[in-house]
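Chains as they are written, first to last, in this note's numbering: chain Z, 1 to 261; chain W, 1001 to 1261; chain S, 2001 to 2283; chain B, 3001 to 3283.
Among the clues, some could well be false.
To be verified - Residues of chain S placed beyond 10 Å of chain Z at every Cβ, according to the derived structure:
1) H2029
2) I2040
3) Q2042
4) G2043
5) N2046
6) A2109
7) P2120
8) R2140
9) F2146
10) E2149
11) R2171
12) H2172
13) L2205
14) P2206
15) G2227
16) E2254
As the list claims (entries may be wrong) - Restraint-style ranges between C-beta atoms, simulated for each label pair:
17) E2099(S) <-> G116(Z): 15 to 23 Å
18) R3280(B) <-> H1119(W): 37 to 45 Å
19) R6(Z) <-> Q2224(S): 49 to 57 Å
None of these hints come from the bench; they were simulated from the model. Since this is a predicted model, take the numbers as computed values, not measurements. Don't be surprised by glycine CBs; every beta carbon is placed ideally from N, CA and C.
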Amino acid sequence: MSDWTRDEMMTVAAARMLWDGCVCFVGIGLPSAACNLARLTHAPDVVLIYESGTVGTRPDVLPLSIGDGELADTAACVIPLPEVFSYLLQAGRVDVGFLGAAQVDRHGNLNSTVIGPYHAPKTRLPGAGGATEIAAHARQVFVMLKATPRSLVAQLDFRTSGGFLEGHGARAKTSMRGTGPQSVITDYGVLKPHPDSDELQLSALFDGATVDAARAATGWPLKVAATVGTIAPPTAVELETLRALHARTREAHRRPVRLPA
Amino acid sequence: MSDWTRDEMMTVAAARMLWDGCVCFVGIGLPSAACNLARLTHAPDVVLIYESGTVGTRPDVLPLSIGDGELADTAACVIPLPEVFSYLLQAGRVDVGFLGAAQVDRHGNLNSTVIGPYHAPKTRLPGAGGATEIAAHARQVFVMLKATPRSLVAQLDFRTSGGFLEGHGARAKTSMRGTGPQSVITDYGVLKPHPDSDELQLSALFDGATVDAARAATGWPLKVAATVGTIAPPTAVELETLRALHARTREAHRRPVRLPA
Amino acid sequence: MTARVTALSDAIAAHVRDGACVALEGFTHLIPFAAGHEIIRQGRRNLHLVRMTPDLIYDQMIGMGCASRLTFSWGGNPGVGSLHRLRDAIEHQWPAPLEIDEHTHAGVAAAYSAGAAGLPFATLRGYLGTDLPSVNPRIRSVDCPFTGERLAAVPAINPEVTILHAQRADRHGNVAMHGIIGAQREAAFAARALIVTVEEIVEELPPAMNGIVLPHWIVSAVAQCPGGAYPSYVHGRYPRDNAFYQRWDAIARERAGFLAWMNRHVLASRDHATFLASLRQVA
Amino acid sequence: MTARVTALSDAIAAHVRDGACVALEGFTHLIPFAAGHEIIRQGRRNLHLVRMTPDLIYDQMIGMGCASRLTFSWGGNPGVGSLHRLRDAIEHQWPAPLEIDEHTHAGVAAAYSAGAAGLPFATLRGYLGTDLPSVNPRIRSVDCPFTGERLAAVPAINPEVTILHAQRADRHGNVAMHGIIGAQREAAFAARALIVTVEEIVEELPPAMNGIVLPHWIVSAVAQCPGGAYPSYVHGRYPRDNAFYQRWDAIARERAGFLAWMNRHVLASRDHATFLASLRQVA
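Taking the hints into account, I'd like the entire structure generated from these sequences.
This is the structure we're talking about:
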């Protein structure tokens, strides 16, 4: 099966990074699809936490928002939101934080706040939400975003969430407790930080993607790791599971809602 | 009916001080009996909070401890103990705090920690529990204790909970938010603070008690208010309700417990 | 104080004054839309709105000119995109300038918790590695008196009025809710006045044990308001209308279309039941 | 990490070392007596015991020489009187000196909460008007960076091991409890290791929604231990044995009588079932 989309490849690649039993703080959108794909394939006991307070949730369809009722119905427990951030995240009990962003820079710092100046924005984005503290405290962070020179940028318009800051060990000198963005999953492949400089470099390409295409889609001069792996294309099981999940989700979200009386 | 005991009179007098709908933080022992008597007589909608987290509880029998199951079964809700102290007490949502103590001084400060020096105690008492913050933050505090020169003392061995501190408005200069001990209910009558000096003075006597007896039972030279009221003896309804409550309680606590298998 | 069971319009008239600091909470679930619409109908101005996730309801209130300040941590249409009215207010000061007091979820959650606890500030390991403190002077620091560590501090949030929606209340004003509860309890305990709309008022709530109950003596007013959280949802009653959230993107994109929709459905409806009926006509 | 379902003796052997900081929590309800007895049987020494309300179980552990330090806020036999073994340790250093770190309930609750939240200290409006700060250097102050107000500060409590008792767990180690819960959740989240004894292990817990669940990945070990909270109680299973609490006053009053009772009932019993059986013989 080779008729997969780049979105599907990204989702599959991200899902593979989760291990069974890992405790994962899930952002909405692509991360949510990846985490649930992992749960439905090789990691049935992954613990999914949404910031709405649903812990250990096992939704049958993907939530449109972070607080859909499906997440509560299938959760091991539903806790108050302040506890999600204090008892789980801040206390260091989350293995993986899964984030999206509008912009990522070469040191894995993220912008989800604003394009243009903060006080005279060109485009106002939603803002931090849970991302700043997820980026600081999850033991490691995975970032997912589609690569363009406007998303992988040399200079963020605003730093919403800290990655490796200025690099070269700067993060380790702060009181951020997690190890930062260990993988950035784009639609051409995966970037990982260089062990010394903390600069994101091309670590693996998706089947069919090229170093040149990766460079063209990156807003800084992208460095390439000594060896660049190739990520195996989605298996039939992965693709079928993901597509069935999306189909169930589409159908559920299309179901007309009767207005309450 | 005049065959009431001093304990009963104390309990009845204390119960009468509560009004219907008032939010009351209940200490164990005499305060617990008084609060429940109020609820079973003139104040059916008094809100009783025990520090175990039982809010709006309506026990059929008095708890031996502050956390008996009866309190949970009959509560409007059971909340975590940290919230009792932060969201309810510290936030200023409690009208009346009802405390006991081993010693009270003339300014309504309380000792429930130690008799003798702290580091070489003659008698080690249980300690503060919730009392320190109840004394600080309940809008007003009622204290119940049996009067002897060893309980109403000129000098506390240890100040567990602040009343009016050194008096003469000292409390108002602190960040304690409540108005302090507005009534000390003893077994001869009720002491109330002088409006200027904050010194506890005899404000009302139980039927049959005398100023001389009150002075003899007090470890400092007890001052007497300009007019000393007389507290009406327990009514038949009050006595019957209280005795029935105690009888139910005795029977319940005598009921043999089958060891779990 | 015992909660008054009252009409929503009376509760808003009595407790929400122009210029007040008001928090409508509910994290995706139990968002008090009916109450927000009533505030719009009553024409409140210069409100300081507080909410972790300004949702469609704040898009509507801001677009209708109710607010002059917003404290928040994530302002979008979840899973759909932007809140166009919020963006228009921030980007183009339409219909009025909007001062923003921007935080992270962890920060607002901690600030509500501090407010609920009667503390003046909250401490958190937060705002690390972010530019937010450079644009928000209300994000400060505090040093641990034991370890010397520097931690972030935010001022407590104590809304003049918090407004929630819940499944049920009894006639005394005790409120019971279940499902995703966000920071609603903290926002409730932090408030000087608390208005709750409910799907149903019952004679007596079942024993709650560890369930979520707001006792009547912290509730200022309760109003029965079936469907009061629509288009968000009420666990066990009705689902979130995801399609409406998607449609809102088009409705709110342009000023004129937004105003026409608000006029037709919110302003022309005397209450939430009429609002829902007006949507039923469209469907 | 996934919780191991194991024997109580193995859990104690694996997680409770001499000198450890250990919190057995449960506020009147769900006090983990069986686990405390097992610690006594295994002869642990120099423990730093933490508990809001040292109950009979700490009276026993202290009297048997397990502890060298105690962090607490109320040390009595509720509704009965003194804990004689605790008093003997404080007043006469028997069987060993006991350093005490004394707080108020509000202070310990806040310290557990800070520990659970990964913060180094807790802020509270506490310890006002009391002599406690003069005898406890761990009670300090912090100034609000917004209002300048001075507030009390206590260091976070992060036990090496927290031990709880609960109604049920499933075979994965998810733990469900209900009824009075004191500061158990905070003590659980604050701990480096968490041991839970339960009345019953079931295949699957029912959906919890807002119920109290400790997820398996914060639980280090679960041990089935019916009656494990006796003589305290388990809501929905067995009541508190108030008469035993009253009898304890006489049992513990003198050293010899205490030791004889502990030898006969705790040390001579290989586990909690045997302990309960030995009490049944007396009754």
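So, going through the hints one by one against the coordinates:
1. Some Cβ of chain Z comes within 10 Å of the Cβ of H2029(S); the nearest lies about 5 Å off, and the non-interface call is violated.
2. Chain Z leaves I2040(S) outside its interface by the beta-carbon criterion, the shortest separation being 19 Å against a cut-off of 10 Å.
3. With a closest Cβ-Cβ approach of about 23 Å to chain Z, Q2042(S) is found to remain outside the 10 Å limit, as its non-interface label requires.
4. Every C-beta of chain Z lies more than 10 Å from that of G2043(S), the closest at about 26 Å, which supports listing it as non-interface.
5. Against chain Z, the non-interface label of N2046(S) holds: every CB pair exceeds 10 Å, the least being about 21 Å.
6. A2109(S), annotated as away from the interface, has a beta carbon of chain Z within 10 Å; the closest lies near 4 Å.
7. For P2120(S), the condition that its CB be more than 10 Å from all CB atoms of chain Z holds, with the nearest at approximately 17 Å.
8. For R2140(S), the condition that its CB be more than 10 Å from all CB atoms of chain Z holds, with the nearest at approximately 16 Å.
9. No beta-carbon of chain Z comes within 10 Å of the beta-carbon of F2146(S); the shortest separation is about 15 Å.
10. Distance check for E2149(S) against chain Z: the nearest CB is about 7 Å away, which does not clear 10 Å, and the non-interface claim fails.
11. The non-interface label for R2171(S) is consistent with chain Z: the shortest C-beta to C-beta separation is roughly 22 Å, beyond 10 Å.
12. At the 10 Å boundary, the C-beta of H2172(S) stays outside the reach of chain Z, the nearest C-beta of that chain being 24 Å off.
13. With a closest Cβ-Cβ approach of about 19 Å to chain Z, L2205(S) is found to remain outside the 10 Å limit, as its non-interface label requires.
14. With a least CB separation of 19 Å from chain Z, P2206(S) remains clear of the 10 Å interface cut-off, as annotated.
15. Its beta-carbon lying about 3 Å from the closest one in chain Z, G2227(S) breaks the requirement of being farther than 10 Å from that chain.
16. With a cut of 10 Å on Cβ distances, E2254(S) stays outside the contact zone with chain Z, its closest approach being about 17 Å.
17. The hinted window of 15 to 23 Å between E2099(S) and G116(Z) holds, with their beta carbons roughly 18 Å apart.
18. Take R3280(B) and H1119(W): their Cβ atoms lie about 43 Å apart, and the range 37 to 45 Å holds.
19. Range check, R6(Z) to Q2224(S): about 51 Å between beta-carbon atoms, so the 49 to 57 Å window is met.
The structure fails hints 1, 6, 10, 15 (numbered hints given earlier, in ascending order).
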